[in-house]
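> Residue-level listing of the chains:
Number of protein chains: 4
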Amino acid sequence: MSKIDDLQELLKKLPGIGPRQARRFVYFFLSADENYMSRLSSLINDLRSDKKICSFCRRVHFDSISGELCPTCSDTSRDQSKVLVIEKNSDFENFERSGVWDGRYFLILKNVGLTEDDPSARLQLDRLKTSIESGQTSEVVTALSVNPDGEYTTEYIHKSLTPLVKSHNLSISALARGLSTGSEIEYADSETLKNALENRK
Amino acid sequence: MSKIDDLQELLKKLPGIGPRQARRFVYFFLSADENYMSRLSSLINDLRSDKKICSFCRRVHFDSISGELCPTCSDTSRDQSKVLVIEKNSDFENFERSGVWDGRYFLILKNVGLTEDDPSARLQLDRLKTSIESGQTSEVVTALSVNPDGEYTTEYIHKSLTPLVKSHNLSISALARGLSTGSEIEYADSETLKNALENRK
Amino acid sequence: MSKIDDLQELLKKLPGIGPRQARRFVYFFLSADENYMSRLSSLINDLRSDKKICSFCRRVHFDSISGELCPTCSDTSRDQSKVLVIEKNSDFENFERSGVWDGRYFLILKNVGLTEDDPSARLQLDRLKTSIESGQTSEVVTALSVNPDGEYTTEYIHKSLTPLVKSHNLSISALARGLSTGSEIEYADSETLKNALENRK
Amino acid sequence: MSKIDDLQELLKKLPGIGPRQARRFVYFFLSADENYMSRLSSLINDLRSDKKICSFCRRVHFDSISGELCPTCSDTSRDQSKVLVIEKNSDFENFERSGVWDGRYFLILKNVGLTEDDPSARLQLDRLKTSIESGQTSEVVTALSVNPDGEYTTEYIHKSLTPLVKSHNLSISALARGLSTGSEIEYADSETLKNALENRK
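Chains as they are written, first to last, in my numbering: chain V, 1 to 201; chain Z, 1 to 201; chain F, 1 to 201; chain D, 1 to 201.
Errors might be hidden in some of the hints.
Identical copies carry no separate label here, and so any pair may be met within one copy or between two of them.
As the list claims (entries may be wrong) - List of simulated lysine to any residue pairs, SDA-like, C-alpha gap at most 20 Å:
hint, residue 1, residue 2
1, 110, 31
2, 3, 37
3, 51, 41
4, 51, 72
5, 13, 45
6, 51, 28
7, 194, 154
8, 12, 41
9, 12, 45
10, 194, 139
11, 51, 118
12, 159, 139
13, 82, 139
14, 52, 32
15, 13, 23
16, 129, 165
17, 201, 173
Hints listed in this document are in silico derivations from the structure and should not be mistaken for laboratory results.
Just so it is clear, the structure is predicted and the values come from calculations on it, not from any experiment.
Just need the whole structure built from these sequences, with the hints factored in.
Take a look at the structure:
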């Protein structure tokens with residue numbers, strides 16, 4: 001039954017899925033109808049063949065009309081001078097759903113690990129710097145998750161862009177730290193209480 | 001982005017997967033490499049096109065040599081006079097992994113719901129009866145889950161086969177009720193304690 | 001604030017309670033009203049001072065009228081020739097709530113650990129043997145949880161009592177193994193499937 | 001066995017404890033040793049009889065030397081002109097453990113519910129106002145949990161104190177909203193993203 005085992009192996013790689021649930025998925029497929037299976041197979045194939053990567057923000061999109069840029073990066077109704085540095089496609093989607101950002105995005109795809117050697121090329125900050133130097137971008141905001149990798153990456157990016165603050169009148173900032181929705185004072189960590197106190201207003 | 005939404009819809013149908021995790025799967029696919037995606041797509045397609053249904057036990061298999069019967073049903077080293085009635089393919093796999101049954105199987109695909117109208121045709125008990133009447137099968141054991149549907153189905157099948165007990169010297173039984181591995185006396189339900197006491201040995 | 005810390009330490013010993021929840025209990029006490037606190041303190045004190053241990057089954061009870069025996073052991077409407085060997089007070093309560101046993105009980109207080117040296121005295125099987133030898137008890141059923149300690153203890157007790165089977169016409173048995181309420185065939189372990197098949201009926 | 005039932009009833013009132021776990025606690029008590037039980041009973045009794053309420057901050061403490069004020073409120077090494085408005089004793093403890101606040105506290109004991117009629121007396125804001133009017137307090141920071149009641153209470157307190165801002169040069173603020181430790185951009189809610197963007201720095 002090696003095809004079943006092969007499929008289970010692939011499904012085990014899905015986020016949060018162990019061998020047992022991967023097996024349940026296979027069984028689900030075994031009893032799924034013809035139509036479901038052929039649609040699933042071809043959609044997965046399409047995702048592979050049709051996906052495009054934006055030449056500025058590196059976001060995955062499926063727009064075939066816009067050129068090298070994704071629809072968001074080429075949308076002139078947005079404030080193209082502001083860039084929000086985020087980690088990944090799902091962060092983009094959450095910000096868009098929230099409707100709180102009207103500038104462009106810049107994806108780094110994966111936060112820098114504390115032991116990563118030379119992340120500069122991987123983050124492709126050069127493209128961001130070029131955009132600043134050309135006068136296209138005048139404000140950069142980092143919006144990374146609050147965990148060791150995210151905080152280290154924030155620091156790394158701020159340090160890399162600091163020389164451009166004076167020379168190109170760049171504004172750099174990071175999302176504020178404080179109490180998030182649902183925070184309970186009784187259980188909040190020291191770092192959060194400290195930031196929430198310092199930024200009180 | 002309708003292909004992404006379509007794929008999320010299909011993935012939401014997987015057992016135990018809600019909209020949020022389905023979306024995470026889509027994002028995983030977006031950043032998966034070419035090779036992973038094409039293998040996944042073609043394996044899912046193969047599963048659809050290559051699967052066979054055994055003409056006796058109704059189990060899904062992928063054996064292309066054996067004829068109408070699956071390898072288990074045509075295995076003459078097994079005791080072909082005994083049939084274990086189970087619900088589904090994953091139950092088959094669990095019994096085979098346990099190595100505790102050396103007869104044939106008979107899948108009903110889904111337990112009978114308490115409100116199901118005329119389950120007889122759906123369960124295809126006629127094929128089982130034919131096998132009993134022809135002298136091929138002399139013992140039937142029901143092995144269904146212990147929940148309302150499973151218990152109702154057990155009762156339904158036993159009742160359907162009862163006329164054959166005398167006429168064809170058929171032996172019918174059900175898996176025993178009692179303490180299963182991990183049962184704690186403190187938390188066991190009355191039904192389990194009652195059965196475990198009655199069957200004490 | 002050492003009384004608060006001391007109380008937290010004691011509350012941490014409650015089953016399933018960690019330091020954090022123990023602290024929450026202390027805070028609950030701090031804002032509880034006078035009446036709650038004095039009732040709690042005195043009930044806990046009463047539990048300590050009023051509890052009695054049955055001289056046969058070793059169960060805790062609070063009956064002040066019956067003599068050395070608990071109300072259950074002295075209840076002549078029950079079948080006093082049958083004894084159910086259980087581990088602890090909460091097992092007793094679960095059996096009584098189920099209403100499936102009408103004999104006496106015998107508590108061993110804690111199952112035998114696999115590395116326990118000489119459990120014989122601790123289990124006080126001598127009292128049980130005396131009761132068998134005197135003709136008072138003619139059937140013993142062990143009802144212990146299905147885990148390594150419980151299974152080892154079951155074996156130990158059966159072995160200890162075996163000599164009395166012939167000499168005193170003793171009947172010994174254990175609760176049956178099989179599918180308990182809620183068991184799903186797909187997820188059942190081999191041992192449970194094996195027992196459920198062997199005991200099929 | 002009514003004392004057991006009574007005790008279970010009292011233990012069910014503990015935060016996060018249902019009837020089943022309350023029963024387990026009772027069983028734990030039944031088999032606990034004499035010493036544990038008498039210490040527990042007397043500590044609970046002491047908590048009741050020895051507790052003091054600070055006449056300024058309303059915090060529970062056990063200090064018998066300081067007069068009407070708790071040790072924190074009477075500690076002259078702290079900045080006594082600043083007051084942190086918190087909900088409860090455990091919030092106090094969390095701030096003290098964090099070491100991020102060096103002023104006084106003011107407990108309101110319970111956030112105002114959205115349907116609460118006239119919370120003014122219950123919150124005892126008059127005592128806080130008196131302290132501001134007398135020149136003792138010049139800064140008030142509200143530090144309440146971020147949920148509907150907490151946010152409503154924050155608004156209520158700020159509105160109540162606003163008249164004193166000009167007349168007594170009072171500074172009022174609330175803990176900042178933003179990303180707390182562990183926040184993931186992918187899952188952050190709109191409100192948190194909005195606040196974190198607005199307060200970016």
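> Regarding residue 12 and residue 45, is the shortest C-alpha distance of 20 Å or less found within a copy, between copies, in both, or in neither?
both (19 Å within a copy, 18 Å between copies)
> Within a copy, between copies, both or neither: which one fits residue 51 and residue 118 at a CA-CA cutoff of 20 Å?
For residue 51 and residue 118, neither the intra-copy (28 Å) nor the inter-copy (49 Å) Cα distance is at most 20 Å.
> Between the shortest in-copy and the shortest cross-copy C-alpha distance, which are at most 20 Å for residue 82 and residue 139: within, between, both, or neither?
within (5 Å within a copy, 37 Å between copies)
> If the cutoff is 20 Å on CA atoms, where do residue 3 and residue 37 land: within, between, both or neither? Let me know, please.
Classified as both; 15 Å inside a copy, 16 Å across copies.
> Check residue 194 against residue 139 for me: Cα-Cα at most 20 Å, and say if that holds within a copy, between copies, both or neither.
For residue 194 and residue 139, the Cα distance is within 20 Å only across copies (17 Å; inside one copy 27 Å).
> Within, between, both or neither: how does the pair residue 194, residue 154 come out at a Cα-Cα threshold of 20 Å?
Answer is both; intra-copy 19 Å and inter-copy 19 Å each pass.
> Checking residue 13 and residue 23: alpha-carbon separation at most 20 Å within a copy, between copies, both or neither?
Answer is both: 12 Å inside a copy and 15 Å across each meet the 20 Å cutoff.
> For residue 51 vs residue 28, is the C-alpha pair at or below 20 Å within one copy, between two copies, both, or neither?
between (27 Å within a copy, 13 Å between copies)
> With identical chains, the pair residue 51 and residue 72 could be close in the same copy or across copies; at 20 Å between alpha carbons, which is it: within, between, both, or neither?
within (15 Å within a copy, 44 Å between copies)
> Under a CA distance limit of 20 Å, which applies to residue 129 and residue 165: within one copy, between copies, both, or neither?
Answer is within: at 11 Å inside a copy they meet the 20 Å cutoff, but 46 Å across does not.
> Can you tell me if residue 12 and residue 41 fall within 20 Å by alpha carbon in one copy, between copies, both or neither?
Classified as both; 17 Å inside a copy, 15 Å across copies.
> What label fits residue 201 with residue 173 when the C-alpha limit is 20 Å: within, between, both, or neither?
both (18 Å within a copy, 5 Å between copies)
Hint compliance for this structure: hint 11 is the single one not met.
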